[in-house]
Structures are given as C-alpha cells and as structure tokens.
Amino acid sequence: MANQNIEQNTDHSEVELQAMNVKKPSPWKDFYKRLKRNKAALIGFYTIVFLSIVSIVGPFLLSMDPSDVDVINKFSRPSAEHWFGTDHMGRDIFTRIVYGMKYTLGVGFGSVFLGAIMGVPLGIVAGYYGGRIDSFIMRLIDILLAFPGILLALAIVSILGGSLVNVTIAVAIYAIPGFARIVRGSTLAAKKLEYVDAIRALGSSDLRIIFKHILPNVSSPVIVNATLYIASAILTAAGLSFLGMGAQPPMPEWGAMLNDGRDYIFDAGYIAFFPGMAIVIVVLAFNIFGDGLRDALDPKLKN
Amino acid sequence: MSQKELLKVKNLKQYFPIKGGIFGRTVNNVKAVDDISFTVHEGETVSVVGESGCGKSTTGRAILRLDNPTDGTVEFDGVNLLDLNKKEMRKMRKDMQIIFQDPYASLNPRQTVRETLREAMAIQNVVPKEKRADRIAELLETVGLQPYHADRYPHEFSGGQRQRIGIARALSVDPKLIVCDEAVSALDVSIQAQVLNLLKKFQKEMNLTYLFISHDLGVVRHISDRVIVMYLGKIVEVGDKKSIFENPQHPYTKALLSAIPVPDPDHNKDRIFLQGDVPSPIDPPTGCRFHTRCPFATERCKEETPELRSAGYMAEGHQGACHYMELIESGEHQPTRETSNVRMLDEEPEKV
Amino acid sequence: MTTYIIRRLFQLIPVLFGVTLLVFLLMHLTPGNPAQLIAGETASQSTIERIEVSMGLNDPLPVQYVNFVTDVAQLDFGYSYRNNTPVFEEIKPRFWITMELAIYSTILSIFIGLIAGIVSAVRQYSVRDVTIMIIALFGMSMPNFWLGLMLMNWFSIQLGWFPPTGWGSASQIVLPVITLGTAGAAVIARMTRSSMLDVISQDYIRTARAKGVHEQIVIYRHALKNALIPVVTVVGLQFGTLLAGTVLTETVFSINGLGRLVIDSIMARDFPVVQACILIISVIFVVVNLIVDISYTLLNKRIDMD
Amino acid sequence: MSTNESILEVTDLRTSFFTEGGEVKAVDGVTFDVPAGKTLGIVGESGSGKSITAMSILQLISHPGKIKGGEIKFRGKNLLDLSEKEMRKIRGNQISMIFQEPMTSLNPTYTVGQQIRESYKIHQGLGKKEGSKRAIEMLKLVGIPSPEKRLDQYPFELSGGMRQRVMIAMALACKPDLLIADEPTTALDVTIQAQILELIKELQDELGMSVVMITHDLGVVAETCDYVAVMYCGKVVEYADVRTLFKNPRHPYTVGLLKSLPRSDRDQEELTPIKGTVPSPDEMPVGCRFAPRCPFATNLCHEKLPSLDDVGDGEQIRCWIYTDEWNGDPGVKVYEPERTTEG
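Residue numbers (the numbering used here), protein chains in the order written: chain A, 1 to 303; chain B, 304 to 655; chain C, 656 to 961; chain D, 962 to 1304.
Looking at chain A on its own, in the form it has when it is part of the complex (with noise of 0.2 Å):
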C-alpha cells in the first residue's frame, strides 16, 4: 500500500512545483533592483540625467550670451553677478560653462556612438566566424591600439585638421579597439554557451543566431564599456581642445576655456579652475554610474 502511494504520486503532471508561487522579478526588474542597491551609481545616473536637461534647457534660463564680451568687468573674481567669475574678456564663465555642457556631451555620445558602430559589428564577426577573418581583424585592431592614449587622436586631428566634429571622429575612432575587443570576447563565450548551439541544432541561420542570441549578450559588456568610453571620451576631446587641436574659440568648449585659462594662471587661477571642475563632475559621473552598470549587469558579481 505504502508502494502504491509513492507510485501515484510520481505522476509527472502532477509536479505541481511549490517553486512557481513566488513571482520572481524579470531580468530588467531585477537590474534595475541590483542598479538601485549601488547609492553611488544612481548618483551618477541622475547627475547624468541633470547635466543632459541643462544642457538643453539651460541656455534659454540664462540672461547673458556666452559671447558676451564685457571689457570693463574682464578678469573680476566670482560673485553674486558673476558666479564663476569673468575671463579675460569679460565673458561670463558660469554662462559660458553652461552653454559649453552640450559640446561636452556631445562629443561623448558621439564619438562614442560612432566608435561603438564601427567596433560592434568588427568583434562580432571576429569573434562568431573566427579563422582569417578574425586574425586579419584582430590585427587591425593591433595596430589602432599601438598608438597609446590621446596619441591616436592627435595623430588623425592633425590630418583632418582641428575643429569639433573632427574631434569626435578621431576619439571615435580611438574607441574602435576597445569596443571591437570587448564584444569578440563576449562573442566567443555566447558561442560557446549550449543554447546558442541547440538553436544551431534547430537549424537557425546564423544572422538569427547573432542578432537573437548573441548580440544579446554582447550588449551588457557594450553598454558598460560605452559609458565608460564617454567618460574617457570627454577627457580625451577636452585635452585636444586644450591643445588648440579642438574647438575653436570663441566655442564655450570646457578644454579650449581652459586653454585661455592657462595664459591668465598666474593671476586669475578661478578662470581655469571652473571649466576643470565642470569635466570632473561629468566624467566622474558618467565613472560611477559605468561601475554601478558593471556591477549590476555582471551575472559574477550577483548575490
């Protein structure tokens, strides 16, 4: 008797699993709950989130022009007027700094975005058919990467001449390596995973196979190596236009502010001090809110 109970109750059926009452939260849920848990990152988020509005909206709230030129109230230290004080023409550095936020974004977006459209694709075909294909773009991707830092940047700035757009092409292309890098990598551990290959097993092309299932998982590592890319990005573009190699003036760009800041160090530190702090606060945002993605998006990291 007690052996017929058993028996019965092993109906496949009928395993009715405890396990499905608890609702667990989807993937996105449950990022956003991993995202959330990490104070710092969300920080950094909603800063992000404040510079891009401002950056917007900002220059219709201000009263003053950043090309203002005011030659009586140059050089005069921050005040209730002045927030950040005037620079050397008596330009308003607050406003200036202001209207200069959207070159900043942009070229940080931008270049990045650009990068990531180039790079993306180069690693998954790297990385998915392998063989020749692979070497012979790995090799490339040698090459770009053995011009160190901003050297890159420079070099192609210097062929394409200076000015903001071409700024963003070189630190573009700059992010290539590193996006190209990553995404082969991912690409090759998505390959391997047995999902990828009962699906080939089905019979799947492999244009379904990349963009269903492994673009998927290329995507975590992209969207934390792009934020953090921006954040180099910014750094890289702000020190092209230091150089003079960037924006131009008049542009209210942070790096060439900095740049005629320099001239006046001696005397009047405040004018390449504001700009300076402007690119910390938002690489430094856009740092933290890539450590938080890191940490929220690596499956290693959970629990």
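Check each hint, because a few of them may be wrong.
[Claimed, not checked] For lysine-lysine, the following DSSO-like pairs were computed, each having C-alpha atoms within a straight-line distance of at most 27 Å:
hint	chain 1	residue 1	chain 2	residue 2
1	B	Lys504	B	Lys316
2	D	Lys1208	B	Lys545
3	B	Lys316	A	Lys212
4	A	Lys36	D	Lys1027
5	B	Lys316	A	Lys192
If you're looking for bench data, these hints aren't it; they were derived computationally from the structure.
The hints should help you fit chains B, C and D onto chain A, whose structure is shown.
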C-alpha cells in the same frame, strides 16, 4: 534487430588542431574521436559511455555537425550528412535534436518558454502559425509542466524543470533522433529519476531514437538497449546492455564497471585499480590505446591496434577490441600488472 | 618559452608595418603639398617642382613608402620643414626628457596604486576602502592638464614651493610627475583591489585557511602573488597612456620634451617631425607591451608555454 | 547512541547566510556524532547544507555567512568557544579538510613542495630541509611517483587525480585526528575516484583517523562509510549505521532517494522518483521540510516540524511516522519492510 538502421556512422574522425610554433600553424591535433563506426537502429537507445576526454560528447556533436568532422561518413536515414551544404543541413536538423547537460546554460535567459518553443517551431516551420500556441501548451503538458508556465523566464524554474523545457524544445520539431549529451548528469538523484522516466515514456509513445551520452553507468544501465564504451577516441567495446554489464570483455570495460561505487554496503567485488591517468589525446599511445594502463598489456598491445571483433561465446552483436579477450575469459592470459594497489609508485611521471 | 617569445616577435612585424604605414599616410593624406610647405607660400612653381623631385614626391606611393621605412630603420627621419635640420637631431635631446617624465610617473603610479589597492582590498567596504576608492575615482576623472594647472596655481604660485615650469632639477620634477602619474595610480589601485577581491574568493585561499594559515599570510603570500599577475598588464598599458599623456603635461609645464614638440610641429605643419615623434612613441609602446606580455606569461604559469 | 567514543559531536548547529533577500538558513539545527576511528557520511542533494556543515566545523564560513549557534565538540571541547588563534592551531593539524575541486584548490603560483611544507612550518615549526623530507614521505604515502621531482612542480603540471593526491598529502601532513572530505571525488572520473576513495580508506586505517565524508553519491556512502547522516534542507532527517540505512531505510526521503537511484549492478524496470523539487529558501515549509514531497504527509507534517528522535539501535529519525503522535495511515509503519530497497 528488425528495425531499420537510422544512423550509420562510419570511420568518423574528429581532430581539433593545436596551433603553435613560431607561425601559429597547426603543430598537432587533439584526436578527440579517431576512426569510429557504429549503427543506431530506429527506436532504440544506444548509450556512449566513457570517462572525460574519451570523445563521447565530441561524437554526439560531430554527428549533428555542431562541429564539422575531420573525416568519415554520418548516414542518417540514408543520407550522408557530411555531403550536405549548409542549407540542406539546416533542413535535415528537424529530424535530429540534442538535449544538453547544463540546464542553466541550455536556455536563453532572455526568452520566455513560449518564445523559446515558438522560435524552434518557426525555424523548421513545423506547425502552422495559428496552431503554435496550442502546440506549446500541449508540449508543456507532455513534459509535465503547465500551460501557464509558457510566459515565464528560465530563471524562474528549477534545474529539473529547465531540463523539461529543453526536452520540450527538442520535441517541438518532431525529431526522429535525439542526442542526449549528459542530459541528466547535472540533476540531483530524485529529479534525475523524473527526467529519465520522462525520456523513456516519450520513446515508447513517439518511437524516438536516443543516442545517450553519459559517464554514469547506473543511468546507462537503466536507459539503454545497447552500449558503446569509448576510451581515448576509440570504441573499445560495443554490445547489448546485458552483455556489456554482465559479461564485459574488454579490460577497460571491466575496470570501469568495477570502479563504480554500488549503493549496497554488502556488495563485495574485486576492484581493478587502473594505473595512472588517461593519457593525452594529442599523442595517444600506439597500438591499443589502453595498453599504458591495462592490467593485461603485453608487447603486442603496444604495437598492434586491436580491431572490434566478436568471439564464439559472446552474444550476438557484442564486440570487443582486445587481442586477448578469449584468453582472459578462459583464464589463460593472466594480468601482467598489479591491480589491487592504489599506490602506484613505479609509474613513470607523465608528460604534461 | 623561447618559441613563445619568438612568435610574439614575429607578430610584431604586421603591427610595425601597420604603424609605419599609418604614419606614412599621415603625411600623404594631409591636405596641402609638402613641397609647397617647405618652399613657402611665395615660392615659384619651378622651385616647388625641384623640391618635389628631390624629396621623391613624384615616385609612386609604394616606392615612397619603402624609402620611408628604409630611412626610418636607419633613424633617418628626414629634415624638419621649419628648421631644415635633421629630424633626429631635433628629437634626440627631447627624447630622454619625455622618457624620464613617463618612467618617473609610471613608478609613482605603480607605487601608490599598489599600496592603495591592497589596503583597500584587505578591508573591503571599510571606511579606509571607501575613501581610497572615492579618491581613485576622482583621480581617474580629472583631466591631467587641469590637475597640472591647479597644482601649479597652488604649489608654485600661491605657496611658491616648486618652480612652475621646466624640467631638470628635483623640484621641477615633482609637479609634472604627480600630474601625469595620478590617473595611472588610480587605475592601478582599482585594478589591484578588484584583482585581490577576485583572488580572495578562490578555492585555494580556502585551502590555505583550512591549513591553519594566519589570515595575514593568507592575504600577503597566497593572495597577493596571484592578484598581481593581471595588474602587470595594466601597468604596461598605463605606461603607454602616460607616454602619450606627456603631450599635455609638457604643454602645461612648458617642458621641452617630445610631447610638446609634437604639438608645436602639428601647429607649424612640420610633418616629418610629427611623423617621427608619433612613430617613436608607438614603437616604444609596442615594445613595452611585448615585454609586459612576456613577463605576464612567465608569471602566469598556467598559460600554455608552447 | 553508538557504543563507540565520539571524536566529534555536533549539536544543533545553525549557520545562516544573510543576503539581500533575507536570512537563508543553510544549516538549521544539525546534530550528529562522529565515532572515533570511523567514517561518517553526510549525504544529501544540492542545497541540503552538507558542505556548509563541513565548512562550519572548521569555521571557514565567511561573509555573508555566520554560525548562529549550536555546539561543535571536538575531543570534548567546543570549537565555537575557541579564539581564532586557537582555531588556527586545530585547522590542518588536528582537523584537516579536502575539497571537491582539485584543479582550483591548490595555489597555482606555489610549488607542490612549498604548499605541503607550509603545513609543517605552521604547525611544527619545521624548516625547509626537514619540511621537504617530510613532504616527500607524505607524497610517497599517497602514492605519487617520483615524489622528489614532484616537489618542485606547480599544480598545473599535474593531472586531476594527482592533484587530489597532493591535496590529501597536504591535509594529512600533520597526521590529523579527523579528516573532512567535501565531495573529494565528484570532479574526478570513476576510475580515478576508485583510487582516491581506496587511498583515503587505506590511510585512515594506517593513521587511525576519523573521517567525515560529504557526498551526494549513495554509492560512495555505501562503500566508504560506517555511519550515515542524511540531510535535507539544512536538517539531518536520518542517522544510522550504513547497513541499517541501506537495508532498512526509514525516513520517506531516504527511501525515495534509494528508489530514484539507477543502479549499475542490476536491472530495474522502473525508477520511482520523488515528486516535486527541493523548496527554495524563501518558501521553506513550516512543518516537516519534506512534507510537500512526501507521499505519506498528513496535516500534522505540514504544520509541525518533527524532532530528530532516537528510535533504538543508535538510529535517529526526524519523522512523525515514528512517533506516538502519528495520525496518518498506521499502515506505513506496518508495511515498513516493503519500502526497503531490497524489495
């Protein structure tokens, strides 16, 4: 066997190149599967057993062309799969499916169960679009889940349930052959039994053929009709489940069977301890690949590669690849090495 | 191991080929005729043509490239447009200044980065850890030219501790090295920390604890050695970044190094000099990375040595 | 309970992990004895808490885990009362541990010799020369060929089986009284597993130590253990000597496990699985943890947790069926013999 031959593997070789040297050329090969032949009949379960590195999983993947084999033929339903181009092969895949070991890695975490199953049907276009929803509900019930599970994500299921979803995906295209690659190895005993029973049930109901790849001899004994024993890329013994388990002929099979711990404290047996580890498949031993560890090895084993063959006293279809099968059976050929000592100090340090 | 090193050296060939090609194209993609640049804007057509012939500008591009590489291999980088002196002579005195700056900064960043990273990892989430990591984040987020300006403003101008410009004396070295080394220190600190935390959760650390090893020894002997292996790679990359970063630092502190030479030459459209500087910095970077890769392989015994 | 003297008595051990989702009681009131010189098997499926129990004995639980209470008496003294310093003297000296993954459990940057010598240095203050001598003896003892050569090799130069032998040599270096083996052969092939299990058995006889063998494999239990504690969801549900457990299992979970097991030594027509799955920590049943999957469960089982009670012959069961309060089918006790595996 009166049933027709569904799968016929002939001289299958799967080598993986090792790049090295100064120019990164292929300097050597991992001979994962080295010239094996066997047949699987419709409706039967053939198990491939062996220890890690013996080539059993590689065999399964090569048959499905998940990796492209180096050489040989794989005839499925009379068609040599290795002659097919990419497109023809994709069509062919409808008839042959695979279930994997890791229930966590074998489902796309971003797809709900419904999306997973619907995609499978869409790829092979097996069920008319409007009927797919019903088919999904039906499949889920078949594998012991409920229709309302369709809209859940894999992480909402336990390991055993995921394995059921994997089975449902394989069944969704109505295949003839399913390769089960360690399909129950990652599951706990109590769950493993559920899945094994399920697989047996489907075989009866749908006349499925299984190529069951496993290292667990208990599971193999339970599920198989016939068993193939592999060692270092070669088949060392093949035969009926009964003959293999009760009358093993190859010294490796004997050692393997004797090594399994039996859940019965009174079970007493003479254990054969093999010396050392499995050699590297890059430079496999000459002659019989097992000779470096075989208790019965002689000079002949080092030089001559034994072929699979039968002997008069063996059951029909039972074959072993050993020069001395008969003589060992009759007791005329005695062990040339110690088999009861686990401290093998005389062994030469292996090359790594 | 020897095979590995030789293979890596062979892999260097396509990279060096690509680098020289890119640098070569730099001059040829740039709008404007080099001969015109040399001759000046008012030069006659015949002068320009004469210069073109003497520079081989009328040869087919592949021929020009081969000539370029052959010359470069003999350290002949041509003549500066500006001064008409051999480029190599322009570079030589400045080269060591830049190398000194980069090497000192790398040493500083390794020293500070390692200590900060280890101290952080040992007590994860302690006040000490959080403080160090916040400082590191700031260090990573600062434009180094701005940091340089600020340091100059505070320590040179307001406090008068260090001279604001130049290179050579011990006091002149301090500010540029801090300026250039800060970001590297931050990156190395973060890397060391995460690598340490990664290692501490490994099975063999548990084994050491199960043996009764003192926690201090678990961390400094069992964990640290393993944790430093991936840090080596970062150090190599940092050296390259610092080398390129000299462009900005040298500009800020008016140091007459290679970096500043690049900028001045770009401004003056003196391309032979630009070419040579970029080529030299890249080749040094590639070689340093090769050395780092090889030492990484030596350290990481798990990597196949074939 | 047993007539033998116990070397280790664990009473009401509780270890929890404090995660975002709340407290996970991985080990929830575990009690068992290890008789001196014998082998105790702790068997259970994944999530049963068997490995956490092992780690708790040596207090190797790290953040966010915490030993919340109970007693771990080793040779009469409670290990939980010891300071970290005193505990270190016990680890690797009187109680040693070997782990599941021989591939990752050795430090990749130190040689085999350095790692074995370290034990001698910590616990016996031996220098390099004497340590090496002892290390070679140990390597010989565990059957490693050319031990002098192996001493200077790195773990990556050894095969999985050899590494596990090195782990054993390291663990037994100071001749401990108790060896805790946490799934020591799970990652190994079956022919290598046979070698390692036999080796542990032989060394146990030679050194006269006690062993706690943690495993999910009932075959390994039957072959190596004298006593068995069956764990389910952080609790011991049955404790018996090995023959009683396999010949006359009493807890419905133990019975279910044995009936689920495909056997290599004989043919079975049908396997009888346990229905359902192990409950997740956030929905642990309030009553008997096994009640939702138990074919005999009554309301009592669902509502109240049974205690681990002696049922005679040194056997302990955590099940209402074997108490006076049992209000379900009285037949289950009567039909007892039919539920054995030898039916």
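Now for the hints, and whether the structure bears them out:
1. B:Lys504 x B:Lys316: Distance ~33 Å between Lys504 (chain B) and Lys316 (chain B) Cα, so the pair is violated.
2. D:Lys1208 x B:Lys545: Holds - the C-alpha atoms of Lys545 (chain B) and Lys1208 (chain D) are around 26 Å apart, at most 27 Å.
3. B:Lys316 x A:Lys212: Violated, at about 32 Å.
4. A:Lys36 x D:Lys1027: holds, 26 Å
5. B:Lys316 x A:Lys192: Holds - the C-alpha atoms of Lys192 (chain A) and Lys316 (chain B) are around 21 Å apart, at most 27 Å.
The structure is inconsistent with the numbered hints 1, 3, although it conforms to all the rest.
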